[in-house]
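Asker: These protein sequence lines are chains A and B, in that order.
Residues in the first sequence are numbered from 77 upward in steps of one, following the numbering used here.
Residues in the second sequence are numbered from 5 upward in steps of one, following the numbering used here.
To be clear, the hints were calculated from the coordinates, so they are not data collected in a lab.
These numbers come from a predicted model, not from an experiment.
The C-beta atom is built at its ideal place from N, Cα and C for all residues, glycine as well.
Fair warning: there could be bad hints in the mix.
Unchecked claim - What follows is a list of derived Cβ distance ranges for each label pair: (1) B:D58 - A:K175: 53 to 59 angstroms; (2) A:T215 - B:E48: 41 to 47 angstroms; (3) B:K42 - A:R415: 33 to 39 angstroms; (4) B:A27 - A:N372: 36 to 42 angstroms; (5) A:C291 - B:D59: 53 to 59 angstroms; (6) B:T98 - A:K221: 36 to 42 angstroms; (7) A:R415 - B:A62: 20 to 26 angstroms; (8) A:V314 - B:T98: 50 to 56 angstroms.
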Amino acid sequence: MYGGDEVSAIVIDVGSYSCKAGYAGDDTPKAVFPSVVGSIEQTGETDEAKADKEAEAASDSKNGAKPMDVDKAKTKRKLYVGQELEFRRDHMEVISPMKDGTVTDWDIVDNIWNHAFRQRLLINPEEHPMLIAEPSTNTGQQREKAAELMFEKYKVPALFLAKNAVLTSFASGRATSLVVDSGGGSTVVAAVHDGYVLQKSVATSPIGGEFLTDCMMKSLESKGVVIRPRYSFKKKEVGPGEYKVVDLDLPNTTESYKLYCMKWHMQTFLQLHMSFQMDNSMSVRGLPRMVIDSVNRCDVDIRKELLSSILLSGGSSSILQLKERLEKEVLEESSGNTRVKVLASGNSVERRFSVWIGGSILASLGSFQQMWFSKAEYEEHGVSYIQRKCP
Amino acid sequence: MANAASGMAVDDECKLKFLELKAKRTYRFIIYKIDEKKKMVVVEKVGEPVLNYDDFAASLPANECRYAIFDYDFVTEENCQKSKIFFIAWSPDTSRVRSKMIYASSKDRFKRELDGIQVELQATDPTEVGLDVIRGRAN
């Protein structure tokens, strides 16, 4: 059991679009950065790798100790995370660790965590308990993998895994609710009953914010508007108030990087201009259906209660009028005189970070400290104990 | 089994008052709150049996979370006197996220202490604990 609440815990939520990390007890995450990485396949010996090797050899001969990330040098690709992604590099592909809302590439997740701890929060993970928000669809295997990585590589003193839907539900004061989490990569509908996710009710759809961005890009393209990523041109001030735009030709830029740049900036733009009237019929069609299907897979006794507390969260849920529309359409689709109520926080920051905020509060509760899965327990019972500690 | 729960303790007084309400019917309602300093759920207020629903509704603070027990008396269609014990988790939208979180995560544990709850309600605004809702759920 871990009882120290004097060292604050770290809460980290790696979503399909952005990664949120910060201290428990804060009301917004300290670091928010894209949860994609740039990767350069290292076929031959590049200059950089050579320099690295030489430096390594030098340090080896000096003190005989091996540098910390020796395994990183062995991997064939070089990964760039966070701000390092802001610079264009030749042949850099942008890849995401997630596919359909679940983690497929742990190496990338590892890099993202590492970046969050050491570059953004500037902490030593060995000193802080860690609360990780995981997708509701996570399998037991994935949870074990996450726990193993955290204990073995980062040597965290204590760990807790909490499901996204549960955190969202708690953050809005309900232990039973139907959580509609519309994020960047996907939309997940999950029923939470008394603090547990009902696994059979979980429904996912690949339509999320990125899909909307794609649609918007297509529609702009069809109108003949060309969107240029920022790196592809230079703006020079030739005279006071006079600007000259010079196009740059960078043939080695990969397609995925170009797309990433355009999307990230467009998304920022969309978030700033939420009053932007978007034709959201694409994303909303099917959502009421998903909600009804999900509810129907639950026990008949709790259906009424679920329908009367549908929680809307995630970055894409800030679309104008989504709440009203969802409420109306679910009401039309549901049978009889059921009460349908869609709840969403009026504060868009709270909606975007609802999962993180939930985790932040949970981890900062004095009375929560006995719930941690501690390093001692990990060593005693092994990694599968996580399933018992954090159901 | 461990859950994503806060692990707030429950004051013995909570159980005693509830048993009195259930067995002796000495109260109309009980309002509980979480004392963050003591890390436990405590009784905030009790209502005499002569009080009615309106007094109960007035006792719920507008922007703070509470748990509440309400003993609802009604007459069925067959002209039969009945009563049902309601458990209400009150967490208005305007309350602090932190307190909503604490109340939601402690609810399950607290509810298990009170044996004999017949209907459970979650409410974020007064319409969700309206007399019509209570009447609807009682039948």
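Asker: It remains to establish, for every hint, whether it holds in the given structure.
Answerer: Hints, one by one, checked against the model:
1. B:D58 - A:K175: 53 to 59 angstroms: Holds, since D58 of chain B and K175 of chain A (Cβ atoms, about 55 angstroms apart) stay within the stated range.
2. A:T215 - B:E48: 41 to 47 angstroms: holds (43 angstroms)
3. B:K42 - A:R415: 33 to 39 angstroms: holds (36 angstroms)
4. B:A27 - A:N372: 36 to 42 angstroms: At 40 angstroms between Cβs, range holds.
5. A:C291 - B:D59: 53 to 59 angstroms: Distance hint for C291 of chain A, D59 of chain B holds at roughly 54 angstroms.
6. B:T98 - A:K221: 36 to 42 angstroms: Between T98 of chain B and K221 of chain A, where Cβ atoms are some 41 angstroms apart, the hint holds.
7. A:R415 - B:A62: 20 to 26 angstroms: holds (23 angstroms)
8. A:V314 - B:T98: 50 to 56 angstroms: Given about 54 angstroms between the Cβ atoms, the range holds.
Hint compliance for this structure: every hint is met.
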